[in-house]
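*Asks:* Each chain is listed here by its residues.
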Amino acid sequence: MTAVLELQNVQKQFGGRPAVRGVSLAVEQGAIFGFLGPNGAGKTTSLRMALGIIEPDAGSALLFGKRPSAESLDRVGFLPEERGLYRKMKCEDIIVYFARLKGMHADAARLRARELLQRFGLADYARRKVKDLSKGMAQKIQVLAAVVHNPDLVILDEPFSGLDPVNQSALEDLVRDLAAQGRTVIFSTHVMEHAERLCDRIALIAGGRKIFDGGVREALAHCPRWVEIEAPKQSDMDGVAAALGAVAERSDHVCDDPEDIRWRLVLPKAIEPQAALRACLSRGVDVRLFEPHRPRLRDAFVQLVGDDDAAQLRTEGAALQGDAA
Amino acid sequence: MRWRSVFLIARREFLAYTLTVGFWLSVAFVPIFMALGATMPALLQSAKPASHFALIDETGRYADIVRAAVTDARRTEVREAVEAYANTRLDSQQRGEALALFDQSASDPDQAAADTMAAFASGKAALDLPRAQLIERDVHGQDLDRLRRMMQSEPSTNAPPLNAVLVIKPDGDGAALDYWSANLADRRLVDIAEDAVAAQMRIEALRRAGLDVRIVSEADSVRPVTRLFSPVKSAGAEEVTRRDEIRYAAGAMLAFLLWMLVFSVANMLLSSVLEEKTTKVMESLLVSARMSEILAGKLLGVGGVAFALLAVWAASTIGLGALVSGHTDGFADIFAAFADPKMLIAFAACFVAGYLMYGATFLALGSLCDSTQEAQTLMSPVILLLMAPMLGIVAALDDPNSAFVTTLAWAPIFTPFLMLARLPSDPPLWEIIAAVVLMVGTALLILFLAARIFRAGALGGGKQFWEHNAIGRIFARRVRKS
Numbered sequence: 001m002t003a004v005l006e007l008q009n010v011q012k013q014f015g016g017r018p019a020v021r022g023v024s025l026a027v028e029q030g031a032i033f034g035f036l037g038p039n040g041a042g043k044t045t046s047l048r049m050a051l052g053i054i055e056p057d058a059g060s061a062l063l064f065g066k067r068p069s070a071e072s073l074d075r076v077g078f079l080p081e082e083r084g085l086y087r088k089m090k091c092e093d094i095i096v097y098f099a100r101l102k103g104m105h106a107d108a109a110r111l112r113a114r115e116l117l118q119r120f121g122l123a124d125y126a127r128r129k130v131k132d133l134s135k136g137m138a139q140k141i142q143v144l145a146a147v148v149h150n151p152d153l154v155i156l157d158e159p160f161s162g163l164d165p166v167n168q169s170a171l172e173d174l175v176r177d178l179a180a181q182g183r184t185v186i187f188s189t190h191v192m193e194h195a196e197r198l199c200d201r202i203a204l205i206a207g208g209r210k211i212f213d214g215g216v217r218e219a220l221a222h223c224p225r226w227v228e229i230e231a232p233k234q235s236d237m238d239g240v241a242a243a244l245g246a247v248a249e250r251s252d253h254v255c256d257d258p259e260d261i262r263w264r265l266v267l268p269k270a271i272e273p274q275a276a277l278r279a280c281l282s283r284g285v286d287v288r289l290f291e292p293h294r295p296r297l298r299d300a301f302v303q304l305v306g307d308d309d310a311a312q313l314r315t316e317g318a319a320l321q322g323d324a325a
Numbered sequence: 326m327r328w329r330s331v332f333l334i335a336r337r338e339f340l341a342y343t344l345t346v347g348f349w350l351s352v353a354f355v356p357i358f359m360a361l362g363a364t365m366p367a368l369l370q371s372a373k374p375a376s377h378f379a380l381i382d383e384t385g386r387y388a389d390i391v392r393a394a395v396t397d398a399r400r401t402e403v404r405e406a407v408e409a410y411a412n413t414r415l416d417s418q419q420r421g422e423a424l425a426l427f428d429q430s431a432s433d434p435d436q437a438a439a440d441t442m443a444a445f446a447s448g449k450a451a452l453d454l455p456r457a458q459l460i461e462r463d464v465h466g467q468d469l470d471r472l473r474r475m476m477q478s479e480p481s482t483n484a485p486p487l488n489a490v491l492v493i494k495p496d497g498d499g500a501a502l503d504y505w506s507a508n509l510a511d512r513r514l515v516d517i518a519e520d521a522v523a524a525q526m527r528i529e530a531l532r533r534a535g536l537d538v539r540i541v542s543e544a545d546s547v548r549p550v551t552r553l554f555s556p557v558k559s560a561g562a563e564e565v566t567r568r569d570e571i572r573y574a575a576g577a578m579l580a581f582l583l584w585m586l587v588f589s590v591a592n593m594l595l596s597s598v599l600e601e602k603t604t605k606v607m608e609s610l611l612v613s614a615r616m617s618e619i620l621a622g623k624l625l626g627v628g629g630v631a632f633a634l635l636a637v638w639a640a641s642t643i644g645l646g647a648l649v650s651g652h653t654d655g656f657a658d659i660f661a662a663f664a665d666p667k668m669l670i671a672f673a674a675c676f677v678a679g680y681l682m683y684g685a686t687f688l689a690l691g692s693l694c695d696s697t698q699e700a701q702t703l704m705s706p707v708i709l710l711l712m713a714p715m716l717g718i719v720a721a722l723d724d725p726n727s728a729f730v731t732t733l734a735w736a737p738i739f740t741p742f743l744m745l746a747r748l749p750s751d752p753p754l755w756e757i758i759a760a761v762v763l764m765v766g767t768a769l770l771i772l773f774l775a776a777r778i779f780r781a782g783a784l785g786g787g788k789q790f791w792e793h794n795a796i797g798r799i800f801a802r803r804v805r806k807s
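If you read the protein sequences in the order shown, they are chains L and X. Residue numbers for the first sequence follow the working numbering, beginning at 1 and rising by one. Residue numbers for the second sequence follow the working numbering, beginning at 326 and rising by one.
Honestly, I wouldn't trust all of these hints.
[Claimed, not checked] Now the stretches of chain L that chain X is said to cover, found in silico as 3 or more residues with beta-carbon under 8 Å: (1) 64 to 77; (2) 98 to 112; (3) 190 to 196.
[Claimed, not checked] Taking lysine-lysine pairs in the DSS-like style, the calculated list, with each CA pair at most 27 Å apart, reads: (4) L/Lys90 / L/Lys131; (5) X/Lys605 / L/Lys129; (6) L/Lys129 / L/Lys88; (7) L/Lys135 / X/Lys605; (8) L/Lys66 / L/Lys131; (9) L/Lys131 / X/Lys605; (10) L/Lys131 / L/Lys88; (11) L/Lys90 / L/Lys135; (12) X/Lys605 / L/Lys90; (13) L/Lys90 / L/Lys66; (14) X/Lys605 / L/Lys88; (15) X/Lys558 / X/Lys667.
Because the hints were derived from the structure by calculation, they are not lab data. All C-beta atoms in this analysis are idealised placements derived from N, C-alpha and C, irrespective of residue type, glycine included.
Construct all of the structure, not just a fragment, from the sequences and the given hints.
*Replies:* Structure representation (structure tokens):
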């Protein structure tokens, strides 16, 4: 497969502070690629280097196999993290403007803009000025301006931030549509759930370093699975854990029956949750609740970054705040 | 450079300004201001109410002289109106005949105007005569105390107002004037009376001294004929004409116009970049066009706005000129001074150079600011610096070749304005060539530096630019080369 975008050991410093430290990755044609990490991890800087907006201090960025150029950028649709439109322009006109800058003919651009506005339920807003739109609505217009010229590669920097759940879902649909048309989509986000639902591949970045690059399943495989079990206090959970090679932790959770306790049983990678249930039953544990947990990308992220680093990132006010959303 | 992108960006910039009400208001401001300036004195004059006055002549010698002077002043006004009418509505032969008839007509100027109109303008549009400024009231037998009370009473339909009383009192061999008026700012009557009585007192004094008044008057009117010559004018045509004198003023006025135009539109460039930075459009733009295309597009677009401004101003000036040409002596000379091809070419060249220098500078400054407040702070010293050419232009009105003006003209950022102001004095050719080279070179250098700063500032913003590696960021190719 051809890599439509490639970063080769790119590095960038701002005022002596490293923002990106030797990130390498390659995104293949037709993929939905998630670029994940907390705020300030270096995602936007990496994407800007990939697009040639800023030059790396070291390493190189290739777009469609070549250094970014005006011609290759015409094949790219980009939604920047810092979004904005000309406030006094009308919605349709602004979409047409960016389409024409990307080389579309005036008539074709207007036709396509109307088609997109219609398709995304924004036809009534076509002649309205941007300043009269809500923030979310303006963001949708900017997404349309980014994809109006049918780009081969769509790069969306934090596209879900600022959107309500309904519009987030609509945007996820748009990303799937674009991928279904054979286009490559790269988006950065610090909200892991979107990546989990959409991505074929992800790269995790923290502190300017890439800490993972691969499939979602592959990332999740780095996480231990666990089950939560409620059983009477006198149950031999330590014996169950020992038999499985697992770790049993008593939870603070208050059970309905005061005689019961909730345990968290962290399983080794090779052990399936069913094996834990069998072990409980074989040791006569009176299981009142058995809840297997599927690992999430955020868990994988914490696992990959390491607890200390994750804590540090949290204190920087960045880590995973959006997960709650 | 992709000219298609440049054109699209330029067009957006142009339309962003020209499709606003504010732009057309500012465009209209200049012709409106000019029209007001041209018509305001006449409007104010015609709007002024007539002054009703009374004369008390205690000398018995000067009242008729004052009355004759008031009539003469009225005759001058009416004659100007008749002449303006004749200039616009009668052919050249009729014009002369009409004025001759007016001059020979009855002593009442309004009646003379009516007679002239009846003879030459029958069936044509009526002559709109200016309102009489001074009207005498017959107050025979009334003393000053009574007249003072009349001045303070409210006017009524059967008793017109009394605005002023002029009392002519004996004073030695001559007279003294006591002027009573509720509005002492209105000196129309007293000025006329003072001149007339003074002239009569002078004649009387000459007679008392046994001098021939006619000879003294002739002696007073003797003046040497003075002609002005310029050594730089071609042989045989060295004499300085009125048109030449107007050229000097035209040079300074064009320089002022250029200054006003350049700074009006350069500010637009700063606002434009600031808007793109504050609304975060810049990053989207950077992926859609090269930095050089954005820069060129903005300069071209706002340059188009300047051209539109200039076109409207020029058209309104010509229109206004055509309107007043029948009423204003020498309009053709004024027009010729401004429409001189040499001046127009120089104006175009100075505009391009000045606009590129200041436009690029303002673009670069805009890219370094993240807010209007920052821009204002950064602009304050720049604006102070930019006031310097104004001083030079004012000085050039007195002497375009003074050391101050010529020295300032060699400061490249002031050259476009001051060379334009100096041009009517026909500076040596080498100076003109050197000025052009200086302007072009400086414009190119500023464009080069501004492009570097713009690239660094457009994304990084002022804070990053100033705090970290300012010079390095200008020259290092860290940002995408365009």
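*Asks:* Hints numbered earlier in the text: which of these fail when held up against the supplied structure?
*Replies:* Hint check: 3, 8 and 13 fail, others pass.
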